[in-house]
Amino acid sequence: GQQVMQIPQYQHVQEGEDFTTYCNSSTTLSNIQWYKQRPGGHPVFLIQLVKSGEVKKQKRLTFQFGEAKKNSSLHITATQTTDVGTYFCAGNSGYSTLTFGKGTMLLVSP
Amino acid sequence: NAGVTQTPKFQVLKTGQSMTLQCAQDMNHNSMYWYRQDPGMGLRLIYYSASEGTTDKGEVPNGYNVSRLNKREFSLRLESAAPSQTSVYFCASNEASGTGVQPQHFGDGTRLSIL
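For the record, the sequence lines run as chains W and P.
When we follow the working numbering, the leftmost residue of the first sequence carries the number 1, and every step to the right adds one.
When we follow the working numbering, the leftmost residue of the second sequence carries the number 1001, and every step to the right adds one.
Quick caveat, the hints were computed from the structure, so don't treat them as lab data.
Heads up, a few of these hints could be off.
Dumping the calculated SDA-like pairs for lysine to any residue here, alpha-carbon to alpha-carbon at most 20 Å [to be verified]:
no.	chain 1	residue 1	chain 2	residue 2
1	W	Lys-51	P	Glu-1079
2	W	Lys-36	P	Thr-1005
3	W	Lys-36	P	Arg-1111
4	W	Lys-102	P	Val-1060
5	P	Lys-1014	P	Glu-1079
6	P	Lys-1057	P	Leu-1078
7	W	Lys-36	P	Val-1101
8	W	Lys-36	P	Asp-1108
9	W	Lys-36	P	Asp-1038
10	W	Lys-102	P	Asp-1108
11	P	Lys-1009	P	Gln-1022
12	W	Lys-36	P	Pro-1103
Just so you know, these numbers come straight off a predicted model, no measurement behind them.
Produce the complete structure using the sequences and hints provided.
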């Protein structure tokens, strides 16, 4: 079945440093979604990418979808303590259900 | 709007006991999902319902059953709980018919411990 791999599993940064998490799929994706889960909370949808090579920005967050639609990344510029949480990518192919990566846990020290 | 509501929020069971986790959404979504989340494992799909009256197995369905009671409600049942089913369970919903194209809205989760 479809597999979505995410790296790194964990990253600890100082406030103000940048952060990037990468997502790779074993198959070509129709779309990819990103979610954020705060400690003790539930996943919350951030963004969806559909087109090959697509780049979207939300304030300090930049999301990219690879040209081959098999990989994606989330980059946070100048992290803040409010960015703490686990970031998940999730993708699907055709009419399949979403497959979630295992997530990247981000810890930000002030 | 409440969004997706899950009950209970916490539960402790003994091995062999049965339990039903409840989920209701007020967004008029067609599709609903049950996931389990274990440390380091991400979210794994247990069962889903693409539309009222249909249910399908996900990645980890063994030991679980589901019922799509109506468009709003989707319940998850553990017939004979096992310690391996200790987890956080999330219910989610979206407008798509099982394609995953639309964003999923999650409930707050049920933290289930089985002794």
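These are the hints, each one checked on the structure:
In summary, the hint linking Lys-51/W to Glu-1079/P is not supported, as the alpha carbons are separated by about 43 Å, beyond the 20 Å threshold. For the hint linking Lys-36/W to Thr-1005/P, the alpha-carbon distance of about 19 Å falls within 20 Å, and the restraint holds. Straight-line distance between C-alpha atoms of Lys-36/W and Arg-1111/P comes to about 19 Å, which keeps the hinted pair within the 20 Å bound. With a CA separation close to 15 Å, the supplied pair Lys-102/W and Val-1060/P stays within the 20 Å bound.
At roughly 12 Å between alpha-carbon atoms, Lys-1014/P and Glu-1079/P fall within 20 Å of each other, so this suggested pair holds. Straight-line distance between C-alpha atoms of Lys-1057/P and Leu-1078/P comes to about 15 Å, which keeps the hinted pair within the 20 Å bound. Using a Cα cut-off of 20 Å, the hinted pair Lys-36/W and Val-1101/P holds, with the two alpha carbons roughly 17 Å apart. At most 20 Å may separate the alpha-carbon atoms for a hinted pair to count; Lys-36/W and Asp-1108/P meet this at roughly 13 Å.
Under the criterion of a C-alpha separation no larger than 20 Å, the hint pairing Lys-36/W with Asp-1038/P is consistent with the structure, at around 16 Å. This hinted pair checks out: Lys-102/W and Asp-1108/P have alpha carbons roughly 19 Å apart, not beyond 20 Å. A hinted pair counts as satisfied when its Cα atoms are at most 20 Å apart, and Lys-1009/P with Gln-1022/P qualifies at roughly 10 Å. Restraint check: the Cα-Cα separation between Lys-36/W and Pro-1103/P comes to about 12 Å, which is no more than 20 Å; the hinted pair holds.
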